[in-house]
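2 protein chains.
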Amino acid sequence: MNNYEKYKTHMRKIADVSYASGVLNWDQETYMPQGGAEIRAQQLSTLAGIVHELSSAGEFGTLLNTLSADTSLSEKEKRNIKQSLKNYNDSKKYTTAFVQEMSRSVSEAFQAWQQAKEKSDFSLFAPKLEKLVQLKREECKLLGYENHPYDALLNQYEPGAKTKDIEILFADVRSQLVDFVKQIAAAPQNTDAFMYRHYDKQKQWNFGIDLLRQMGYDFNHGRQDVSSHPFTTNFSSQDVRVTTRIAENNLSEMIWSCIHEGGHALYEQGLPISEYGLPSGEYISLGIHESQSRLWENNVGRSLAYWKGNITLLKKYFAEELKDITAEDFYKAMNLVKPSLIRTNADEVTYHFHIMIRFEIEKALIEGSIEVKDLPSFWNKKYKEYLGIEVPTDAQGVLQDIHWSHGSFGYFPTYSLGSFYAAQFFAKAQEQIPNLAGEIEKGNMALLLKWLRQQIHQYGKFYPADELCEKITGEKLSFGYFMDYVKNKYKYIYNL
Amino acid sequence: MNNYEKYKTHMRKIADVSYASGVLNWDQETYMPQGGAEIRAQQLSTLAGIVHELSSAGEFGTLLNTLSADTSLSEKEKRNIKQSLKNYNDSKKYTTAFVQEMSRSVSEAFQAWQQAKEKSDFSLFAPKLEKLVQLKREECKLLGYENHPYDALLNQYEPGAKTKDIEILFADVRSQLVDFVKQIAAAPQNTDAFMYRHYDKQKQWNFGIDLLRQMGYDFNHGRQDVSSHPFTTNFSSQDVRVTTRIAENNLSEMIWSCIHEGGHALYEQGLPISEYGLPSGEYISLGIHESQSRLWENNVGRSLAYWKGNITLLKKYFAEELKDITAEDFYKAMNLVKPSLIRTNADEVTYHFHIMIRFEIEKALIEGSIEVKDLPSFWNKKYKEYLGIEVPTDAQGVLQDIHWSHGSFGYFPTYSLGSFYAAQFFAKAQEQIPNLAGEIEKGNMALLLKWLRQQIHQYGKFYPADELCEKITGEKLSFGYFMDYVKNKYKYIYNL
Chain A
918 MNNYEKYKTH MRKIADVSYA SGVLNWDQET YMPQGGAEIR AQQLSTLAGI VHELSSAGEF
978 GTLLNTLSAD TSLSEKEKRN IKQSLKNYND SKKYTTAFVQ EMSRSVSEAF QAWQQAKEKS
1038 DFSLFAPKLE KLVQLKREEC KLLGYENHPY DALLNQYEPG AKTKDIEILF ADVRSQLVDF
1098 VKQIAAAPQN TDAFMYRHYD KQKQWNFGID LLRQMGYDFN HGRQDVSSHP FTTNFSSQDV
1158 RVTTRIAENN LSEMIWSCIH EGGHALYEQG LPISEYGLPS GEYISLGIHE SQSRLWENNV
1218 GRSLAYWKGN ITLLKKYFAE ELKDITAEDF YKAMNLVKPS LIRTNADEVT YHFHIMIRFE
1278 IEKALIEGSI EVKDLPSFWN KKYKEYLGIE VPTDAQGVLQ DIHWSHGSFG YFPTYSLGSF
1338 YAAQFFAKAQ EQIPNLAGEI EKGNMALLLK WLRQQIHQYG KFYPADELCE KITGEKLSFG
1398 YFMDYVKNKY KYIYNL
Chain B
918 MNNYEKYKTH MRKIADVSYA SGVLNWDQET YMPQGGAEIR AQQLSTLAGI VHELSSAGEF
978 GTLLNTLSAD TSLSEKEKRN IKQSLKNYND SKKYTTAFVQ EMSRSVSEAF QAWQQAKEKS
1038 DFSLFAPKLE KLVQLKREEC KLLGYENHPY DALLNQYEPG AKTKDIEILF ADVRSQLVDF
1098 VKQIAAAPQN TDAFMYRHYD KQKQWNFGID LLRQMGYDFN HGRQDVSSHP FTTNFSSQDV
1158 RVTTRIAENN LSEMIWSCIH EGGHALYEQG LPISEYGLPS GEYISLGIHE SQSRLWENNV
1218 GRSLAYWKGN ITLLKKYFAE ELKDITAEDF YKAMNLVKPS LIRTNADEVT YHFHIMIRFE
1278 IEKALIEGSI EVKDLPSFWN KKYKEYLGIE VPTDAQGVLQ DIHWSHGSFG YFPTYSLGSF
1338 YAAQFFAKAQ EQIPNLAGEI EKGNMALLLK WLRQQIHQYG KFYPADELCE KITGEKLSFG
1398 YFMDYVKNKY KYIYNL
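The listed protein sequences derive, respectively, from chains A and B.
With my numbering applied, the first sequence has no gaps in its numbers, which climb one by one up to 1413 at the end.
With my numbering applied, the second sequence has no gaps in its numbers, which climb one by one up to 1413 at the end.
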């Protein structure tokens, strides 16, 4: 076996154990009985420890260093080695004990969060969250950073991103969106009252499955289940699973979680299986991942063309419930711009205020300028300030998101980046795919999926996010595309 | 950390990885999309390799040898160390490459078997099975044996069992059962025609859940799902899962798979969580495991008292379908003795012929006196000889069982041992629990479960099977108890 083959074998072993953890996590959030939680936490911690031992093994480091001097490698191989060496050097900064403690703390925090949210009692979550924040602060020190400790966390999700740049971007976003939201608020409002009629759960489920199939999601290599917080996970590109949640009195929840997670899943299913376990077989960054879910959820799934096509299918399930509703009504209803409490139900415009709030909180927590016990009041103050609304309960406030219970700090900003990338990519797709809106209206998503596969999915991590964006669109990420998109859309919807 | 603590920590690490494989296996047989199979096989192989590395690590051996000379340990600790040292010495006989090849071959064989069974085409399974048999023959050599190579495999499931002893036992079983089956065949026959009416799947499912709850199965530490072959699996005694299958035109399948798997699950849920990962927290042998499932399935679940109690509950779901049926009719119908094709649907008496056939085939395959290609004809000949029936298709013949596709050779005899242990244990329970039949009729299973927990479950592997049997019943395993039980039962049912 030559060195590169040895490298591949070792990387695949790491991937096998990581994906095994993925299965345990998926199970934990879908089917695991409550009483299995404690031991599951320990099992996940052990697997995390093994992944860490394998990822930071001295011999593996030697191999990577040898390979990074090997000029006979192809460009793809070189980029894989460069990536892996960076990950190796990062891994070395952690002790196995730290990794296991983090894994255990995350599992415990997740269980505590579930109960806290159910009872709307932040105090049930606070001690576990404090522990996690403490570990995260420690992690920033271990990893090192140039300017802000939060950079270290941000980089785990969005390699190369800087706290400073996000601050500048968000200041721009804020200044442009605040005015725009005011314009919309001043216009005559549309209604989405019919979305809250009674919609049978099984029928909703079936419709969601139809939408996933229409997008091109491959059920031979995936499945959908129910969980309290929808997510996508994969155990290779051959087994990519989504979850959804269904509310009987709110048709939107299921529809947009299906399309959103479906977008993530199409990316994972499109990654080359031949590159299993290697950077060239992995997604680039969470911002790019999110660009795929947002593109499908918003640019496609919240477009008039999409519903001109799909209203007939939807009415097959809900003829009576929707008999008075046209595609146009449906389109307007799903695109109400209105400040709201819950991030995942927010419209495309005010959504970014939810992210800015979380970004500010995370920065403050990590730099230590606020403490966990201050979170509920800080949260509620920010919601008043940014969105003008009162938060009635912690379940609808600071406890609404799963992320912190997963130890995911630095993750939220990638949601906004995703929307902005999506707008920029979609603008290019519209240029390059003849009559894209017409095809979408016909229910033909294949051209768009093919374009995404060719432009993005097939490359794995070969191109970093900024390089890929330039390659596809000819320029770096620019917020202007998103502003153009929303202005265009909402001018029509609100007769601005 | 003292040596015994180090030992516990290492054992628990091994258990964590083994149980992670358990989750991946459970997922594979319940929810995994077909297209995920290939990579899943590789992931399971990697985990098996890691378990093997940990189980056979030289340092661990040194620790075990040190501990086995430590006279300060408690009796329980000493027995744990003795067990673990034996397992360690066995592990050392395998190379990691062998373990991984076995794991991969098992996954491939399982996939092939599923397809072969669906298409009733043995040739689709044969090459994968050949590979497994070859590995199993090699395994016998690696492990070593005194008399028959099959001993080595038998011992993996039933420590201490000998091929020769099973041969003697089965000769006795055969001679006594052949006559008994003839007597029954000569008597007027009962009918079970109503079992094959149409029974709604969801209602069957709900009834099965009721039965599990009544037995004392804890759904906070378990769940039931559907799979093509019912099984029980556990990822600690805190998360013990069962699966079932439901046929719309055969009420029996679901009922007895629920009670059978429920019996297995009660054993696992009863093992002490404080002993997680240690021999003292594990089941004794498959024979003893099966004694628990058989006791519930047959001695309890196929008794008149059980159905005098439960017929009312069953009729709540199927009032119309069963309006002409009494508890007595139901009891007689579920206890027809009639040679049949499918082992899992066989009655309690002819069941053991199914096992004897498999035992003979496995011995012959392992010693090399037959080859895989001869299996279908050998199988069909034996069914004619032992049960007097023709096998119409391989799906109903040689392909019916999952076991060989799992690489489980030496497993089948433990089913018969289980029935015999069950009869012997149940006779003692009847002696020691006042009015047990009356309690069962009232739906009160708690006294029986408590008895099993105290007599068996709480000890884990502390007592070997033969020692435990003597401790509980005052004598070694004796086939006489089973014969008494069936004679008593069927004399009543068939008016012999």
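Incorrect hints may appear among the rest.
It does not matter which identical chain is used: a pair holds within one copy or between any two.
[Unchecked claim] Pairs of lysine-lysine residues, derived as DSS-like cross-links and limited to a Cα-Cα distance of at most 25 Å, are as follows: (1) Lys1009 / Lys930; (2) Lys930 / Lys1048; (3) Lys923 / Lys1299; (4) Lys1359 / Lys930; (5) Lys1367 / Lys993; (6) Lys1393 / Lys1249; (7) Lys1299 / Lys995; (8) Lys1118 / Lys1408; (9) Lys1010 / Lys930.
Calculated from the structure, these hints are not laboratory results.
Outcome of the hint check:
1. Lys1009 / Lys930: Both: 18 Å inside a chain and 22 Å across chains, each within 25 Å.
2. Lys930 / Lys1048: This pair counts as between: shortest inter-copy Cα distance 24 Å, intra-copy 31 Å.
3. Lys923 / Lys1299: Cα proximity of Lys923 and Lys1299: none, with 52 Å in one copy and 50 Å across.
4. Lys1359 / Lys930: neither (44 Å within a copy, 54 Å between copies)
5. Lys1367 / Lys993: Answer is within; shortest intra-copy Cα gap is 22 Å, inter-copy 63 Å.
6. Lys1393 / Lys1249: This pair counts as neither: shortest intra-copy Cα distance 32 Å, inter-copy 78 Å.
7. Lys1299 / Lys995: neither (46 Å within a copy, 61 Å between copies)
8. Lys1118 / Lys1408: Neither. Shortest intra-copy (34 Å) and inter-copy (53 Å) distances fail the 25 Å Cα cut-off.
9. Lys1010 / Lys930: Answer is both: 21 Å inside a copy and 23 Å across each meet the 25 Å cutoff.
Taken one by one, the earlier hints fail for this structure at numbers 3, 4, 6, 7 and 8, listed in ascending order.
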